[in-house]
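Dock chain X against chain H, hints included.
Going down the list, the sequences are from chains H and X. Under UniProt numbering, the first sequence has 105 at position 105, and the numbering climbs by one with no breaks. Under UniProt numbering, the second sequence has 46 at position 46, and the numbering climbs by one with no breaks.
Careful, some of the hints might be misleading.
Each pair of labels, with its calculated beta carbon distance range [stated by the list, open to error]:
#1 V28/H - V85/X: 52 to 60 Å
#2 V28/H - D123/X: 35 to 43 Å
#3 E68/X - V86/H: 19 to 27 Å
#4 T121/X - T105/H: 45 to 53 Å
#5 P124/H - S105/X: 56 to 64 Å
#6 V85/X - L3/H: 27 to 35 Å
#7 V69/X - H25/H: 40 to 48 Å
#8 E2/H - D113/X: 45 to 53 Å
#9 R24/H - V85/X: 28 to 36 Å
Simulated from the structure, these hints should not be mistaken for laboratory data. All C-beta atoms in this analysis are idealised placements derived from N, C-alpha and C, irrespective of residue type, glycine included.
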Amino acid sequence: MELLIDIVLLAILGIIAVAILWTRHLFVATMLSGAYSLTSAALLVALDAVDVAFTEAAVGAGISTVLMLGTLTLTRRREKATNRRVSIGPLLLVIVTGALLIYGTVDMPAFGDPNAPALLHVVPEYLAGTRDDIQIPNIVTAILASYRGFDTLGETAVIFTAGVGVLLLLGRRREEDEEAGTRRPEREA
Amino acid sequence: MLELILAKYNYWIVIVLMMAGLYVVVARGNLVKKIIGLNVFQTSVFLLYISMGKVAGGTAPILTGKDEVFSNPIPHVLILTAIVVGIATTALGLALVVRIREAYSTIEEDEIDEAESLDMTADLAERRR
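Next up, chain H with everything else stripped away, as it sits in the complex (with noise of 0.2 Å):
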């Protein structure tokens, strides 16, 4: 049962990864990308990452949205209409690339395997001292906020990063838009 749901989540990914890339409409590329998000966001509890299906929902399915839609509100709502003919070179690369990934998958585990190498060293140090040292009931929180706390600091150090990145981007045109006395370029239909 729970192999048949991941298999349909999956197909339904592809459907829409397909339509987004068939789409010249950017406000329905938008979203599709949170309809993207969120079906990811079902399959990530098929696979027991509870904690990060709640993270993707809400940031990958609203927030990142949100954001789109303020651009579009700023730009255009349609790609240039070009000839929808498929180019040679990204196409190459892009078949290169899956396939190295694929031939990659070959030495990989099997999918559910529970002696796969990665659960075989830190995990058993994690979950002991996750009962007996921090003694908080979700193992995730107490590796994220505990054990790997260094992590999350530089987490909030890149948001940051980016944040002043945003304001310094989007706010000194309102100076300059105020000093100068102009106006925006008019919005495209």
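Positioned in the frame of chain H, the structure of chain X alone reads:
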């Protein structure tokens, strides 16, 4: 044969999804579309990592006091960080798109190239004068 496919099905589909995202990033000229492609690529990488952590018959890594098999929590922690960093880079990219649109009044790559080369030829002509 079926067993082999089922053992690698997740990885293979996720790689196909990654490549769909990469194709949008490389082949499409519209800057917003590129960022959407980047998001698809990124979400697929998350799925690849989480698939690697799944244990058959396992459950979410939350201690209940009972004896249970847990899926690997380390990929979950990594990907939680990656999602948040991903939204930060998306926001920065979209801010850049808005700025580019103000400077060039277009978000199509080829039109920006055109405007650039026009600028350059104008500069050269001015210098010669």
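Right, here's what the structure says about each hint:
| no. | hint | result |
| --- | --- | --- |
| 1 | V28/H - V85/X: 52 to 60 Å | violated (27 Å) |
| 2 | V28/H - D123/X: 35 to 43 Å | holds (40 Å) |
| 3 | E68/X - V86/H: 19 to 27 Å | violated (49 Å) |
| 4 | T121/X - T105/H: 45 to 53 Å | holds (50 Å) |
| 5 | P124/H - S105/X: 56 to 64 Å | holds (59 Å) |
| 6 | V85/X - L3/H: 27 to 35 Å | holds (31 Å) |
| 7 | V69/X - H25/H: 40 to 48 Å | holds (46 Å) |
| 8 | E2/H - D113/X: 45 to 53 Å | holds (49 Å) |
| 9 | R24/H - V85/X: 28 to 36 Å | holds (30 Å) |
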